[in-house]
Amino acid sequence: MEAKRKLIGDDGLRLDGRAWNQLRPIKLEVGTLKNADGSAYIEWGKNKIMAAVYGPKEVHPKHQVLPDRALVRTRYHMAPFSVDERKNPAPSRREIEISKVIREALEPAVIVEDYPRTAIEVWVEVLQSDGGSRVAGITASSLALADAGINLRDLVVGCSCGIVDGQVVADLDDTEDKEGSGDMPVAIMPNLDRVTLLQVDGIYSRDQFQKAFELAIEKGREVYAMQREALTKKFFGDGQVSTSEEEVAE
Amino acid sequence: MVERKQVIPGDVIARGDYRYGSYVEKRGDMYIALRVGLAEVSREGIKLNPMTGPYIPRPDDEVIGKVIDINGFGWVIDINSCFDGFLPASFVFGREFSPATHDLTTKFKVGDIIGCRIESFERSRDPQLSIRGHGYGKIPKGEIIKISPTKVPRLIGRRGAMINMISERTSCDVKVGQNGVVVAVGPPEGVVKTAEAIKMIENETHAADLSRKVEEYLGGAPIGSQA
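So the sequence lines, in the order shown, correspond to chains A and B.
End of the first sequence sits at 305 in our numbering; the numbers just go up one at a time, nothing left out.
End of the second sequence sits at 233 in our numbering; the numbers just go up one at a time, nothing left out.
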């Protein structure tokens, strides 16, 4: 792109006033949809994303059944009103790709062997889009999976980093994503210390790559703290949960 | 001494050498929670009581299901799980059962609610049900109330304390399936109270003084007992 505007000012702040390593504001809520088995809602910068989980349930069509494990299905979809110009609601090439990478980011955390011959469906609906919607979608869907009570090895949390004006920055928004020179979404399982998603576009030097990757993980851990808080609030939040002995049947 | 703590998936419950039950995974010397719930660590081992989750059949569970299909060899039962139960006709008519001579609809029709027991369940096949034993079989009438399967132990209470109290105070016969399906039979106002009490247990499952709260809500004398 010719005659680019500067995305980082002389004071070192970005267009929206953030420092290079600062996240946008994040709000997380668990169990927002009554009819789904599990659900979560996330606002990450201008992103507004709803995630819902159904299952485990019977697999249809039957020929897709896996005899020893659950089939994880994911649909990432952008609402027609989620962008400036109406988006055609039919799944685009981009959405199909993102559905696939979200599925592959979540699957290592799900203990699929515990639910043979079933399907677990994850729906990610973008109501309003901004940069970094796939990592926001992953963050919300892993909460929805935990809310549905599916056995998980760990939560999955994402964060993206990238290069803007030749400098590594955390959590790109829409403008920085489009006008910047590189984007790197990363998803991790924070307790297991495993990376489940790593995509890169743009050209990075060795040092830049290292720095962006490490920054994404560091920021991901910050988001994990918020994820934790949201889940704890839903299930233990109102102070009603007692850790004293319960009178339960054996 | 039992130590209890709130956990979410991925949390380390304890380190060391313990026996452990469902929803817990061992990783090196660490015990990891796989669900959101309350973990108990004691000398006997590690137990995790999940706060949410689907019903997964286990042999000998008593469940309440609905007949959704009939084929030549038995009934297919919806047991509120991702696996449908199968009740073989030979378990009902006995060994002399023959698809040619017996009409399965004389026993159970599609839509009937039946109480049954999980006879066996393996990963590779759907759970097999049985109605052999006392108290199983068709449930001809009653109100169906659903509760999250993870909250059933709390609804039953220690040695049935909670469910017996509800049953007594509302003058209802209350049957509870491990799959989270409850059937209440009795006077209409009793059934309403039962449903309310069950909702209360579902919403405040982990409150410290839940029994007292439910008792207070239900009031003193059983419905219909006072002159």
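Source of the hints: derived by calculation from the structure; they are not laboratory data.
Predicted model only: the values in this text are computed from it and were never measured.
Positions of the beta carbon are idealized from the N, C-alpha and C atoms, including for glycine.
It cannot be assumed that every hint is accurate.
[To be verified] Ranges of calculated distance between the beta carbons of each label pair, as one might list FRET restraints:
#1 28(B) to 89(A): 23 to 29 Å
#2 150(B) to 84(A): 29 to 35 Å
#3 165(B) to 149(A): 55 to 61 Å
#4 148(A) to 166(B): 35 to 41 Å
#5 206(B) to 262(A): 57 to 63 Å
#6 262(A) to 65(B): 24 to 30 Å
#7 28(B) to 84(A): 56 to 62 Å
[As the list claims (entries may be wrong)] Far from chain B, some chain A residues (derived; all Cβ distances over 12 Å):
#8 74
#9 141
#10 209
#11 211
#12 234
#13 291
* To do: Determine whether the non-interface label on residue 211(A) survives the test: each CB of chain B must be over 12 Å from its CB.
  => The claim breaks: residue 211(A) does not keep its Cβ more than 12 Å from every Cβ of chain B (closest is about 10 Å).
* Closest CB-CB distance from residue 74(A) to chain B, is it above 12 Å? -> holds, 30 Å
* To do: Could you tell me whether the CB distance from residue 148(A) to residue 166(B) stays inside 35 to 41 Å?
  => violated, 58 Å
* Are residue 28(B) and residue 89(A) spaced within 23 to 29 Å by their CB atoms? -> This hint holds: roughly 27 Å between Cβ atoms.
* Please test the hint of 57 to 63 Å on the beta carbon pair from residue 206(B) and residue 262(A). => Taking Cβ atoms as reference, residue 206(B) and residue 262(A) lie about 60 Å apart, which means the hint holds.
* Was residue 141(A) rightly flagged as not at the interface, with every chain B Cβ beyond 12 Å? -> Answer for residue 141(A): holds, closest chain B Cβ roughly 37 Å.
* Asked: Lying within 24 to 30 Å: is that true of the beta-carbon distance residue 262(A) to residue 65(B)?
  -> violated, 59 Å
* **Cβ separation of residue 165(B) and residue 149(A), checked against the hinted range 55 to 61 Å** => holds, 58 Å
* Okay, residue 150(B) versus residue 84(A) on CB: inside 29 to 35 Å? -> holds, 31 Å
* Can we trust that residue 209(A) is non-interface, i.e. its beta-carbon lies farther than 12 Å from all of chain B? -> violated, 4 Å
* Beyond 12 Å from every chain B Cβ - status for residue 291(A) -> violated, 5 Å
* To do: Mind verifying the non-interface call on residue 234(A)? Its CB should be farther than 12 Å from each CB in chain B.
  => holds, 37 Å
Hint check: violations occur at hints 4, 6, 7, 10, 11, 13; the rest are consistent with the structure.
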